[in-house]
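K.L.:
Below are the chains, spelled out letter by letter.
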Amino acid sequence: MSENLVEIRNLDVRFTGARTVHAINDLTLTLKQNETLALLGESGSGKSVTLKTLLRLLPPKRSRIDGAIEVNGVDVLTLSGKTLQAYRGEEVSMVFQEPGLALDPVYTVGDQIAEAVMRHKKVRREEALSTALDMLRRVRIPSPERRLRNYPHELSGGMLQRVMIALALACRPRLLLADEPTTALDATVQIQILLLLRDLQREFGMGVIFVTHDIGVAVEVSERIAVMYAGQIVEEGTTSEIIKDPRHPYTRGLLAANLHDVARGARLNAIPGAPPPLDTRPDSCSFAPRCPLAEAACRAALPPVHVPNDRRRVACIHANAPVPAE
Amino acid sequence: MTAVDVTVLDAPATVSGQGYWSGVGARLLRDPLTLICLGVILLLILSAAFAPWLGLADPYKGSMIARLKPIGTPGHILGTDEQGRDMFARLIYGGRLTLFIGLTPVVLAFFIGGTLGIVAGYAGGWINTGIMRTVDVFFAFPSVLLAIAISGALGAGIVNSLVSLTIVFIPPITRVSEAVTSGVRALDYIDAARASGANALTVIRVHVIGNVLSPIFVYATSLTSVCMILAAGLSFLGIGVRPPEPEWGLMLNTLRSAIYVNPWLSALPGLMIFVTSLCLNLLSDGVRSAMNVRD
Amino acid sequence: MSVTETLPDTAPDKGGPAQPLLIVRDLQKYFPVRGGILGGRKAVVQAVDGVSFEVKKGETLGIVGESGCGKSTTARLLIGLIDKDRGEIIYDGQDLGGTLSLRDLRRGVQMVFQDSYASLNPRLTIEESIAFGARIQGLPDPVGRARRLMERVGLSPDRFAQRYPHEVSGGQRQRINIARALAMSPRLVVLDEAVSALDKSVEAQVLNLLADLRREFGLTYIFISHDLNVVRYISDRILVMYLGEVVEVAPVDQIWSRQAHPYTRSLFSAMPSMDPDNRTLEPPLSGDPPNPINPPSGCRFHTRCRLAESACKTRVPTLRPLSVGSEHLAACHLHDLGSGHSKAGKDVLA
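Chains as they are written, first to last, in our numbering: chain A, 23 to 348; chain B, 981 to 1275; chain C, 31 to 380.
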């Protein structure tokens, strides 16, 4: 029995159909209880697919999953029927990017939270409703008694995301998956939700995997960051390590593209090109075609994974090279 | 310094520029059911069109002694009707009128309703309100009742059935056309075109019609089967085509009395209506999915 | 550095270099919210209310604000995609509706939209899309112009001209949209969240392209975005909007070092810190922006402002320079000694 809450080993996810897409390629990832990990990547990097695989949300007919996923010691890939239902909601739950689409418009928010509690905890309605009220309080919704009886369309975007979080946490899952939960929100609302998630993580003592494309958001919310590119993790480490000592050229490019400290009007050091199509399984470094440091070895084989310390890794030939002066 | 990074050229190239319609054609060719339906419809249309040259018996010439012969009678492969006329010839000839009355109103309604809907959807405001509320009045009546009422008021006859059926089909096509056009109207490329200084007619011609035509067309196709059934129904009720013209709906009516004597025979015109409308429906479904670009 | 030239067939300058390319005065747009069976007027969204600003020739004005602040409505008003209720739009000294026709305005002002897919007609090839506007405006050789512009934005015409929008990537589509806007040889390009939907690495490429094009063709930009980092990078001046009104305008360096309006201050504090050892501890504002249907009285920000006093609820602040002759303008009672605010004139925001 490992001490890890989540253990993903050598995960491969492939979508079959009119054209094959190798969405996740040999992904290995661990998450401890009480830890927040940000999965950072651009569109098509496989970050959302990783979350959906963890929740077993992929269409079984069109996807092939290989490898092993354990959450809290349970083999997720063999779950089915009742045990899968119990796993979703009680062990793991998810917060989506568009809370307006994830909530049912014809029920009040109180009913929706209570219904989830009744289904999983087998309690009576009154008890479930009081849990719902307690959850709305915990996500800092003002006048929760009144909000309990509101329908989703009566709430603003930030309020809806709070409700979504309350719903996700109502059954006290050990693991919360957050799929770009603040991307659709305004800046002043986004920071509120990020801080709320940070507080709730501590309060509930759960593990959180937070998917985002925004490196600034990742810094605010997570202790650890795993950078994804073309279905692989190219670099992983604590947030400080990733921000202050990025080793992979892609991570450095992403940091530069954030424009946080760029001189005004200076030419940007943009990563050229676009991510590769994933119709074949990568057999060399996927980033090599866009990489300023690429050499023959990068195009010949998969890059070696450097492990400078426990839980820090960089999949790049140049990981040990000194950072070039900008 | 004029360095725009041309590195974007290295980006993965997707399908090379192939035309929209060739893509639709390729997708249709991979769909056997749609192809079969298309074949059946074409066969019906061609045989109806070339009926006089197919060496069939005279569809009007009856015989008092050879009435209601069963299917498979020598000389009358599908038997004879209640006046002793050859069923096979009448069914083939019947396709001419039936298909004509079934398709013409839809074609007319497609042009009229399509135009009304595009105008309403693009213009918005009070023009939209005016057109759509008028259309809604017609929508309030069930289509069968409306067709019967208009036909009844105008009197029996082919032209009058065409007119009444066209009126029946203008509202639904206008509705669909308006909905699709308002959707397209809200897209940024329409704004971009307006911002380039193009007038409304040019924007509609270049940017709207191409993008709304196929959904309207597919919807209209799905109406042809309904129209055929309605037309047959009008004839059945005696307010459409008059005897002795061969027409499937009318034939169904006149053979009604023979249903106890020779049930299979009297079911034949109904079978033709059924097969044709089924094929038209499946065909329009197939065309709809083949026209879907993003799949 | 190339000599600054203009795009071929650009309309000649009329007002001289000192004349602002665009002056907007007291622009107003209210949208009725209709409801009921007869579509009667139920309420009014005050999308843009009394907005005034200038854009100098060759500068980039960044407009920031949250959803519902009216920045996109302003953009659409500027190129006449929606009709203004009130106010003046003066392009190069000529008044729209007076000496300037809508058609001429659209020669001079073009727009790039956020959604790169929705802003291209899926049925037209890339070449046709770019050439369309030039053809409408009667400019010579629209196709050749389209192909040259494709080359200029980094898309080889031989490979891309005959493709359809769904066959290229998001970054490439946004390059096409830029080329399409430039095909009319405009002098002012309104970029409405033009890079917001792109991945960060692609966004940087497009920002480089925009900077190059601006330098090369002497363009003037209005750059609308919710991303302060991007706006700071590309703009010369920044204009901040809140609920349909301008709350602050200033040159980038000045607003970056000192935000004069409490809302601007909050907006800047809401930016992620990018420092793992020094993360944000307290959200600068609570709740969502109010609905523009019934904006608060007085200063529209008073419902969320920590420094609000009774004067803020009743009196509407005007946009005024922080000191005489300053280019830094803010609409806040804190900077108006006669406003009745107890902290007026004191530096309480730092």
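Check each hint, because a few of them may be wrong.
[As the list claims (entries may be wrong)] Below, in silico cross-link-like pairs of lysine-lysine (DSS-like), each with a Cα-Cα straight-line distance of 30 Å or less: (1) C:K72 / C:K44; (2) A:K104 / A:K83; (3) C:K86 / A:K266; (4) A:K54 / A:K104; (5) A:K74 / C:K230; (6) C:K87 / C:K44.
Treat the hints as calculated values from the structure; they're not laboratory data.
K.L.:
Quick one: which hint numbers does this structure break? Sort them smallest to largest.
P.N.:
Checked against the structure, the hints that fail are numbers 1, 3, while the rest are satisfied.
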